[in-house]
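Novice: Numbering (our numbering), first residue to last: 1 to 334.
Hints were generated in silico from the structure; no laboratory data involved.
All the pointers check out, no bait thrown in.
Dumping the calculated BS3-like pairs for lysine-lysine here, alpha-carbon to alpha-carbon at most 30 Å: (1) Lys-9 / Lys-277; (2) Lys-226 / Lys-95; (3) Lys-9 / Lys-19; (4) Lys-9 / Lys-95; (5) Lys-226 / Lys-289; (6) Lys-289 / Lys-238; (7) Lys-332 / Lys-261; (8) Lys-115 / Lys-226; (9) Lys-12 / Lys-289; (10) Lys-12 / Lys-283; (11) Lys-227 / Lys-238; (12) Lys-222 / Lys-238; (13) Lys-277 / Lys-261; (14) Lys-12 / Lys-222; (15) Lys-238 / Lys-283; (16) Lys-277 / Lys-12; (17) Lys-115 / Lys-95; (18) Lys-19 / Lys-95; (19) Lys-95 / Lys-289; (20) Lys-115 / Lys-12; (21) Lys-277 / Lys-289; (22) Lys-222 / Lys-289; (23) Lys-12 / Lys-95.
The structure presented is a predicted model; accordingly, all values stated were derived computationally and were not measured.
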Amino acid sequence: MTSISFWIKSLKVIPQVTKEEWGTLDIVSRWLVASRAAVFIMTAISCAIGGLLAYNFTGVFNTTNFLICLVGLVFAHAANNLLNDLIDYNNGIDKDNYYRTLYGPQIVERGYTTKNTFYGYILFALLIAVTCGLFLVLRTDKTTLYLMAAGIIFLLFYTWPLKYIGLGEPTVVLVWGPLMIGGAFYVTSNGLWNWNVLYISLLYAIGPTSVIFGKHIDKSDKDLEKKVYTIPVMLGEKISRYTTLFIWFLQYAVVGYFIYKGVLGLSLLLVLLAIPKYLETIKVFLSPKPTQPDPNRPTTWPLYFASFAFVYNRRFSILFLVGLILDVIISKVV
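When you get a sec, could you build the whole thing from the sequences and use the hints?
Specialist: See below:
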């Protein structure tokens, strides 16, 4: 496989590579694998939503600011993934951790590279992210600096201590919502603001967060052993499953309310097309996790609830994004 082909593959799925294969990879491929680049799409969608809302609500779309913001957010996400792996490695969380191997090789734990090289990966990602942030601060104002500072704080402290004390999931909501979507809106509109963006960002962000919630339900027993007290660990499996279903129902209710109030256009009714998948997923979440994988239900076992949550959330998020695009076209072009 050529380097470019591997880069593209790494942006679509998190590849599993052996130590021998790792030795044949170029530096870009290694960085993409180490940073779990396939999940960057979630950050890209958040940034895109912020840009669309900026144009829809203000009529302003600063292309340069938007693109720099997109690059900065993606590299910040990469830095967070890398820091997460480093801290979990130092704390012994990933030792003999089968769940973690599903997300690609933990390259320090497996001895693929040295800690010093891994520090270099982190430094590179942080350097790009901070440079983009400072560039946007110079092009806007100190509000962007505050947003950037908040992002850095969450980036550095998500894995520890926030994830260990039940604050990991709320942090993800804030980061994927107000910080990413709100931040993208602010810089793309040249420093303008609309409070509806905050509410819409929270509406969207609880969707991707539900996938992480599902993952934490799946491995709550393992997290408890490692003294990682995520919200599902504290609530227990049953309450956590029902909480996830309520979160998804809340998204539909809030979309309907925003349409009624005129905050969002009728095109956002597209999300109703996700209801069949929602009903399928409800059936899964109403029952405890089985002890063995069901051959009739393909999942990335032992991640069970996370698999169904990901498929459903992908459906809802894509429809939500398409609805926003149509809303912009209808209001600004037609």
